[in-house]
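Protein chains in written order, with this note's numbering: chain A, 1 to 257; chain B, 1 to 220; chain C, 1 to 772.
Be aware that a few hints might be false.
Said to hold, decoys possible - Below are the DSSO-like pairs computed for lysine-lysine, each with C-alpha atoms no more than 27 Å apart in a straight line:
hint	chain 1	residue 1	chain 2	residue 2
1	B	Lys161	B	Lys120
2	B	Lys161	C	Lys698
3	B	Lys202	C	Lys698
Since the hints were derived computationally from the structure, they do not count as laboratory data.
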Amino acid sequence: MSFKWWPVRRTVQFLVLALIASPWAGLAVFRGNLAAGDLFGLSLADPLAFLQATLASRQFVPSFLLSAAIVTAFYFLVGGRTFCGWICPVYLLTELGEKLRARFGGVDRSYSLNGTRWAFAVTLVVSLAAGIPLFEVLSPLGITARAIMFRAWLPLLLPLAILIVELFVARRIWCRSLCPVGGFYSLIARFSPLRVGFETSKCNHCGVCREACPVEEVLAPSLESGARQVVSGHCTRCMRCLDSCRTKAFRVNLTYR
Amino acid sequence: MAIETPTTGITRRRFLKNGVAVPLALALAGGSISTLFLRRADARGFYLRPPGALEESRFLAACVKCGKCAQACPNNSIRMAGAEAGIGIGTPHIIARETPCYLCPDLPCVKACPSGALDKTLTEVEKVRMGTAVIVDREACLSIRGLRCEVCYRECPLIDKAITIEPRHNERTGTHTIMEPVIHRDKCVGCGICEHACVREKPVIVVIKSPPEQKDSYEF
Amino acid sequence: MTVSRRDFLKASAAAAAFAAAGASALNPLRPKDADAASTSGLTWGKAPCRFCGTGCGVLVGVKDGKIVATKGDPQAPVNKGLNCIKGYFLSKILYGKDRLTKPLIRKGNRMVEASWDEAMNLIAAKFKESIAKHGPNSVAIYGSGQWTIADGYAAAKLFKGGIGTNNVEANARLCMASAVVGFMTTFGSDEPMGCYDDLDLGDTYILWGANMAECHPVLFSRLIDNRLRNPKVKIVDFGTRFTRTSQMANQYVKFAPQSDLALLNAIAHVIVKEKLYDQGFINKHVVFKKGKEKIGYGLEDKFKFADDPKPMTFEEYQAFLKPYTPEYASKVSGVPAKTIVEIARLYADKSRKVCSLWTMGVNEHSRGSWVNNLIYNVHLLTGKICRPGENPMSLTGQPSACGTAREVGTFTHRLPADMVVTNPEHREKAARIWGVDPHKIPDKPSYHTVEMFRALDRGDIRCMWIQCTNPFQSMPNLNRYRKGARKEGRFIVVSDIYPNRTTEQADVILPTASWVEKEGMWGNAERRTHHFHKLVNAPGEGRSDLAQLIDFAHRMGYGHLFPYKHPEKEIWEEYRKFGEGQGKDLAPYESYVKARGLRWPVVNGKETRWRYVEGHDPYVKAGEGIKFYKNKATNYKAVIWARPYEPPAEIPDKQYPFWLCTGRVLEHWHTATMTGRVMELKRANPNAVCEMHPEDAKRLGIKNRDKVRVSSRRGSVVLTVDLNGRGKSERGNLFVPFFDETKLINELCIDAYCPLSGEPDFKKCAVRVEKA
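So that you can see chain A by itself, here it is in the shape it has in the complex (with noise of 0.2 Å):
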């Protein structure tokens, strides 16, 4: 049996999940949720949250710069929507979604993936302009986590909505159109060393990545572009093309090429 990315990436999730909740157990792993948080007690902070709090507020405080920055710089050597794919509660929504739609079908609509650049763009301009964090009002992350956090089932509805309106409106469409967190990590992934790299020579055409890859303007224009590697912003190192290729042509690069 050979090595599966899948297992790693959805314990690490599920992980996720169990350190936001882990608070109730009186556990000090991780204390706040994804906008702001306390891991091992290092301030970490969602780059968005401080950029819409600082816009809005017009205050600076340099230790929210800080825990913003060090999440960046992370994002950025591990691949930018490397969130979407490993931390973002609402991806695995959206994954369920998709195994949903897989066994009793659903709409197969889909809106471009600059939608989210946009929406990060909103969220800023609105943030500075109304004095009000856009985003954090909104955010299903947020109103997940929060309802995680102090156990408010209600807010789960959200979640549940979006899921919904995933199955029948629009595929993926929260992730693939109308997270600016997605937008934001996809605009510093530009040249972010940690990528899913091919080797052609070992490829034998059989297309089954183009079949895994949940996004399929990621992986197919880089093949098809003859690039050594996936160049999409948009990639979330979610690491299917590797698990389903056969012989082996994918690799993780460690270094922008």
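Go by the hints and put chains B and C onto chain A.
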């Protein structure tokens, strides 16, 4: 971004639709939702903010709703607002009647705040200003009626500073004292312990955020 | 249940009508028609408040067989329509969700419902078995100052006159016994000469170990009002803790625990040295005596003490006072010598009417009886006694600590009306009134409270019946006595209204009628006897303590001692015979039904406000002025006692460096079995906290609201620290209230007691504090 320009035969129409129309719709939707929500959270009901909270509109701007202050509170006094709070969704607040702020001397909630929504320069509990207690119903206050209650006074963490007792002769009995609790707004931190402790079904002493400008008739 | 001004007016009008038409017409709530009356709309009856010894009058509103409202009785002279916050919630105390409604019998670790017949048969069988095997002194009854007079009377009559044991005690031993010894040794008769009117009429009030602001709220409101009306009034608060009383006093004098003995002697010293005493008064009304010294602390089981009074002269007394210079007392107490001299001059100031007021700081003291004596000394030296507005006044903590425990004499050594079991004439008289053989009443006291629980632990007492009190929360050195009660072969019966820390120790729990669920009479701190009718039925199968005792008497074969048709009334008339002509005269039953209480002696229908003084007390003839007519042995004079300073039983040391003092808060009463069921009071003051001086806390790295473990040699408990609360402990002192059943602070208290009174010292023991 040139990498992503259509190389897979995307039509001009589809490009327009996905690349321009959708984001535009998105921006419009975002804008309209935000204007819809653009009102102060306390327009939908009053929220007592944790110690050190900035002025309400700046607080709403700075708070990233991470919930760390609530997790840091040893008394579970700080709750996170739900959708009923409008723009204030997910912001921390204190419902004094249920669980007031017990003024931990090291202010763990303020320390926990990453974004500066709770002002870290606040280090002394006596400088906390969450609001001010006021007696909203003198008719219903048992102490003012001459009964020996004064629970708010005895429970006040700034006893003899924020609340004092003004004794005066009880004309009705002729031999007893009315021990009236008097609130000193310059000292009151607004922790809400008095509101929580008040023995009346509807508390006669409550914490309000900004005391009315108009002088009350009973002020001394 | 809000009381608006209109309600007040209405109530006043109603009350006026009461007075005009006679209570019986407007107060139809006689036992027989209680049910009929309570089904038709809201009916009001009168009662004294269920809680402290102040004895506020309340009106109780009854509808559909339940109390739905209470309000201060505008006609009640004590409170004139006011209440404290506990009294305000009286209507809720009986209706907690966990009210006991059925007899329960222990089956292993479970309490199983049983019928009254089963429960009472079991109790009678166990008591009979124990008496047969181990003698009558193996059974005991432990009651309280919340017993009605009839309850206490029946208990004393049954146990002393029927079963033939002096194992009758009451929790009043824990709060008033030292005051009793003080009164008896100084004046030859228990209870104060003054009354609450002194609070309105005096101008100088010296408080000793009394937090009136919280523990006698309505009286304190009266005291402060006196000062509001009269700018001359000065209130001095002597204490070891800065309380709400200290805050409102003109002067707060902090002193080291136990040093009150030295301070009071120093005050006497100054009065004598500066010749501020009233020589005429002393010549006419005072003798001097000294008793034993180095009298011990009763820490060991079966501790015995008998004082050996010796007369002395004024000169000898002056010589005794010699060492108690203000400087010496200052060294012992920490009070500046100058202050001591000032207070002495204040006491002696001819232009001032001085009252001393005290409560548990004085009584719950390993030399409590002595401190009581020493306070009287100052009043007797200066002649400031028995006159309106100038009296020493001991305040009580229970509604009938005076009426029942002290007047009926539900103590091991006592018989009703100041009589004692050691006196053959007294036994003779009691036996005559009770209709028993005089030899039946044992001529020796058996165990006072602490010794009684020690006897239970040792196994000398096998069966104990506890009524109307919560000793397994309120005793000192609780761990020992809680364990003792659960030992093999012990049988504990508890009559109560709610599950509490005492019912959990019980073998049989009897659901009990409380307050106006039965008829009763109580006596407050100013000798005022109140009557209340039964206004509602107890929920479930609850029965009054009296009914339980009479039922038990029948099963034990002493039914003939209780041949009553209307026990409450007939017992009263029987009990009244004890005090008649003894300066303890009580009025016929009917008078109390009408009145808002009467202060004894009640002679020819007239109550007495000031005892021992001509013009007020009918026992003092014209021309006699003042006469301490109960002190036959000293030719009707009061006694000034030479009582030295002696250290307390336990002093803080390296290992246990803090003093611990326990006490009350305004919101709760005693162990909070009742007030803890009132959601509003519980919310207002949910848990006991540990008051500490901020500098002590800082030194130990303790911050406000930190959890700390407080431990003594006897137990330990975890508490939240309060550094800026209602009470401010002095350096080296801690204060913890004892109401909280989840934090048994009494586990830490030492069971040292005053050898004269048997009253334990809840105010001082050595403890340590550490962060929990």
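Hint check results:
1. B:Lys161 / B:Lys120: Judged against 27 Å, a Cα distance of about 24 Å means the pair holds.
2. B:Lys161 / C:Lys698: holds (22 Å)
3. B:Lys202 / C:Lys698: violated (39 Å)
The structure fails to meet hint 3 from the earlier list, while all remaining hints are met.
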